[in-house]
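Peer 1: Residue-level listing of the chains:
There are 2 protein chains.
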Amino acid sequence: MRIDYFMPTRVVMGENCVFDSRELFAGLGKKAMLVTGRNSAKLNGAQADVEKALVANGQARALYDKVMSNPSVECIREIVDAIGAEQCDFVIAIGGGSPLDAGKAAAALAYAPETKSALLFSTSFTSALPIVAIPSTAGTGSEVTRNAVLTNHHIKNKASMAGPAMFPRCAFLDARYLSTLSMSTTINTAVDALSHAIEGMLSIRASLFSDMLAKESISLIAKCYRRGDFGRQTREELFSASTLAGMVITNTGTVAAHAMGYMLTYNRNIDHGRATGLLLGEFLRFAQKTEQGKHAGRINEILASLDISSLDEFCSILDTLFRASGPYERFERSELEAYAAQAVRAKNRANGIAKPSEQDILDIFVKSLT
Amino acid sequence: MRIDYFMPTRVVMGENCVFDSRELFAGLGKKAMLVTGRNSAKLNGAQADVEKALVANGQARALYDKVMSNPSVECIREIVDAIGAEQCDFVIAIGGGSPLDAGKAAAALAYAPETKSALLFSTSFTSALPIVAIPSTAGTGSEVTRNAVLTNHHIKNKASMAGPAMFPRCAFLDARYLSTLSMSTTINTAVDALSHAIEGMLSIRASLFSDMLAKESISLIAKCYRRGDFGRQTREELFSASTLAGMVITNTGTVAAHAMGYMLTYNRNIDHGRATGLLLGEFLRFAQKTEQGKHAGRINEILASLDISSLDEFCSILDTLFRASGPYERFERSELEAYAAQAVRAKNRANGIAKPSEQDILDIFVKSLT
Numbered sequence: 084m085r086i087d088y089f090m091p092t093r094v095v096m097g098e099n100c101v102f103d104s105r106e107l108f109a110g111l112g113k114k115a116m117l118v119t120g121r122n123s124a125k126l127n128g129a130q131a132d133v134e135k136a137l138v139a140n141g142q143a144r145a146l147y148d149k150v151m152s153n154p155s156v157e158c159i160r161e162i163v164d165a166i167g168a169e170q171c172d173f174v175i176a177i178g179g180g181s182p183l184d185a186g187k188a189a190a191a192l193a194y195a196p197e198t199k200s201a202l203l204f205s206t207s208f209t210s211a212l213p214i215v216a217i218p219s220t221a222g223t224g225s226e227v228t229r230n231a232v233l234t235n236h237h238i239k240n241k242a243s244m245a246g247p248a249m250f251p252r253c254a255f256l257d258a259r260y261l262s263t264l265s266m267s268t269t270i271n272t273a274v275d276a277l278s279h280a281i282e283g284m285l286s287i288r289a290s291l292f293s294d295m296l297a298k299e300s301i302s303l304i305a306k307c308y309r310r311g312d313f314g315r316q317t318r319e320e321l322f323s324a325s326t327l328a329g330m331v332i333t334n335t336g337t338v339a340a341h342a343m344g345y346m347l348t349y350n351r352n353i354d355h356g357r358a359t360g361l362l363l364g365e366f367l368r369f370a371q372k373t374e375q376g377k378h379a380g381r382i383n384e385i386l387a388s389l390d391i392s393s394l395d396e397f398c399s400i401l402d403t404l405f406r407a408s409g410p411y412e413r414f415e416r417s418e419l420e421a422y423a424a425q426a427v428r429a430k431n432r433a434n435g436i437a438k439p440s441e442q443d444i445l446d447i448f449v450k451s452l453t
Numbered sequence: 084m085r086i087d088y089f090m091p092t093r094v095v096m097g098e099n100c101v102f103d104s105r106e107l108f109a110g111l112g113k114k115a116m117l118v119t120g121r122n123s124a125k126l127n128g129a130q131a132d133v134e135k136a137l138v139a140n141g142q143a144r145a146l147y148d149k150v151m152s153n154p155s156v157e158c159i160r161e162i163v164d165a166i167g168a169e170q171c172d173f174v175i176a177i178g179g180g181s182p183l184d185a186g187k188a189a190a191a192l193a194y195a196p197e198t199k200s201a202l203l204f205s206t207s208f209t210s211a212l213p214i215v216a217i218p219s220t221a222g223t224g225s226e227v228t229r230n231a232v233l234t235n236h237h238i239k240n241k242a243s244m245a246g247p248a249m250f251p252r253c254a255f256l257d258a259r260y261l262s263t264l265s266m267s268t269t270i271n272t273a274v275d276a277l278s279h280a281i282e283g284m285l286s287i288r289a290s291l292f293s294d295m296l297a298k299e300s301i302s303l304i305a306k307c308y309r310r311g312d313f314g315r316q317t318r319e320e321l322f323s324a325s326t327l328a329g330m331v332i333t334n335t336g337t338v339a340a341h342a343m344g345y346m347l348t349y350n351r352n353i354d355h356g357r358a359t360g361l362l363l364g365e366f367l368r369f370a371q372k373t374e375q376g377k378h379a380g381r382i383n384e385i386l387a388s389l390d391i392s393s394l395d396e397f398c399s400i401l402d403t404l405f406r407a408s409g410p411y412e413r414f415e416r417s418e419l420e421a422y423a424a425q426a427v428r429a430k431n432r433a434n435g436i437a438k439p440s441e442q443d444i445l446d447i448f449v450k451s452l453t
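Sequences listed follow chains A and B, in order.
Take 84 as the starting number for the first sequence in this note's numbering and just add one per residue.
Take 84 as the starting number for the second sequence in this note's numbering and just add one per residue.
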């Protein structure tokens, strides 16, 4: 049995936890750069909570609130410039995966602003400004990972920069911040979290520890789906589930489903959670067909955590969820062939116990999307 | 729902992991102080593995191998003096709970050697020499906690010094180190781990995260008991279980059972795991009788993780295990009255959802020990 487990972020959950536990970032610096998107952190109250806590801590602040979905390297450089101009010494990232990843990437790059773009997508950032992460979606898990996924226009894809210094020092989960989310964002982000947990179980780096986290996460998401409301308990459980799934992937990595989903997001701007989710069912069918040896039975373990008995049932649930958010996107076969040719080269494909060939990937694309 | 979770230690498990993952401590310092007991780290090969890894890393070393069971403050000061004399800049603690706690305490105290004994038992150590923990029993969980439990002759009891800096940087779990343990040590330490996980579930600080860790730990220990051998799989699962239980108590603390067990260890030198375990069954009966409100059903959750249906069955299993290690110790009632008077004042008693009065504690002592 091999285990390699690391997740040094302090995780605090509870109503009003940012203000109540503000001593956790009181020592991180004199001036914070708040990194957010345009609207959500204002709408859901997170930005105001952070500002109130910083005032109470006697800490100054500056604001960068222009992070767009799937932030690019150019956006990160803009934040780094702002950090320099404002002389900030730590970063508080607030929002969904995009602001969180942008804040984490900028905190690392602010420490080494001369880093050439070609060297940016490494996994070796061992220094960064201290980071505080305040998620406002229950999906990304970025609040407990060492990664930031950015849009890299050079390779026409999404890519990861990472390092131990990119783990946030603390993560604050206040489920009130989820209450202003649209139904489609709630669904897409929950499916993203589910995909993290499931892909973690299909990683060659899965261990007893990561499986425990993944199974708890999957089981919580399934319970929330069955409960079918979005009250406080559901929001808190989805937040717990997405953070647990983040703890999974920071130890296991993701696998081919994420690599394939990136193609849909980069090329067709499909929301990340939906993009992966649209492919997840057929990917699991492929994984079940090819599982063998010590990995046999993995899909059944996943189904047991979901408390369902077949992949047909799983696909049908995902189908219901996604159709509620709008009609399926249409793709030409030629387009999918180009995606398959690129996705087969992804690092996370090789990280899986099921390693689809280019033809397998094309089959999954075609079955899922046409 | 409230969660406050923190466990920043990197955990590596696997055969030969100390040598194979030696890069994890290559950057921690130029000279390590190895802290161990007299024999076990030599017998089980751990000390030799560490020395080989340090040579390969180009790091020097010194050795303090005189840690006794239940180390005293005086022992810690001796290690601190040795660290100073040898100019060591990090600590590698190898062994059961006693050497691990001694190494962690010395690493903190080496940073502030002028600390008066009266101030030693605080929870605020925010600086310490870097610590590497290599457990050779599957019980203590000290490899992933911020605490060191020491014998404090001033208060005639065991007491805890703690702080965030006392988390080891990394923990190495090589199940080969368990293979030289006696049956009684294996049982006592496994019961210690079980007690950590169970007490964590009965803590007022229990959360969804700590419950997940605790239930996995309890379930692994129960499986190992049922398997009934001490082969490699059992050793690895017991190691996983004890580390998970350590992750529980560093977030929840222990409760009254540990407070009561300390009395038997301090006054009658009964092994820590056995001391707590002898009281655990009757303590759980008390907890079951008094559980109410949102805590109702806790004992049944524990029994479900154990995959048994009653506390009678649990008590009978513990009884079988302890009788295998020798006849029960005998106590006079007057002795137990004095213990109850002291145990009722312990901090961890107040940390539980079941808070036994002095009379309740005496009843548990009497039912368990006479």
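Worth double-checking, as some hints may not be accurate.
Said to hold, decoys possible - Okay, derived cross-link-like pairs now, SDA-like style, lysine to any residue, Cα gap no bigger than 20 Å in a straight line:
{"id": "1", "chain 1": "B", "residue 1": "Lys-306", "chain 2": "A", "residue 2": "Met-84"}
{"id": "2", "chain 1": "A", "residue 1": "Lys-306", "chain 2": "B", "residue 2": "Arg-85"}
{"id": "3", "chain 1": "A", "residue 1": "Lys-135", "chain 2": "A", "residue 2": "Met-151"}
{"id": "4", "chain 1": "A", "residue 1": "Lys-306", "chain 2": "B", "residue 2": "Glu-98"}
{"id": "5", "chain 1": "A", "residue 1": "Lys-377", "chain 2": "B", "residue 2": "Arg-315"}
{"id": "6", "chain 1": "A", "residue 1": "Lys-377", "chain 2": "B", "residue 2": "Lys-377"}
{"id": "7", "chain 1": "A", "residue 1": "Lys-306", "chain 2": "B", "residue 2": "Asp-294"}
{"id": "8", "chain 1": "B", "residue 1": "Lys-306", "chain 2": "A", "residue 2": "Leu-291"}
{"id": "9", "chain 1": "A", "residue 1": "Lys-306", "chain 2": "B", "residue 2": "Met-84"}
{"id": "10", "chain 1": "B", "residue 1": "Lys-199", "chain 2": "B", "residue 2": "Arg-144"}
{"id": "11", "chain 1": "B", "residue 1": "Lys-377", "chain 2": "A", "residue 2": "Lys-113"}
{"id": "12", "chain 1": "A", "residue 1": "Lys-377", "chain 2": "B", "residue 2": "Arg-85"}
{"id": "13", "chain 1": "B", "residue 1": "Lys-306", "chain 2": "A", "residue 2": "Lys-113"}
{"id": "14", "chain 1": "B", "residue 1": "Lys-377", "chain 2": "A", "residue 2": "Leu-291"}
{"id": "15", "chain 1": "A", "residue 1": "Lys-306", "chain 2": "B", "residue 2": "Glu-384"}
{"id": "16", "chain 1": "A", "residue 1": "Lys-113", "chain 2": "A", "residue 2": "Glu-98"}
{"id": "17", "chain 1": "B", "residue 1": "Lys-306", "chain 2": "A", "residue 2": "Glu-134"}
{"id": "18", "chain 1": "A", "residue 1": "Lys-377", "chain 2": "B", "residue 2": "Gln-316"}
{"id": "19", "chain 1": "A", "residue 1": "Lys-113", "chain 2": "A", "residue 2": "Ala-143"}
{"id": "20", "chain 1": "B", "residue 1": "Lys-377", "chain 2": "A", "residue 2": "Glu-98"}
{"id": "21", "chain 1": "B", "residue 1": "Lys-377", "chain 2": "A", "residue 2": "Arg-85"}
{"id": "22", "chain 1": "B", "residue 1": "Lys-450", "chain 2": "B", "residue 2": "Lys-377"}
Since the hints were derived computationally from the structure, they do not count as laboratory data.
Peer 1: Are there hints from earlier that the structure breaks, and if so, what are their numbers?
Peer 2: 3, 4, 6, 10, 11, 12, 13, 14, 16, 17, 21, 22
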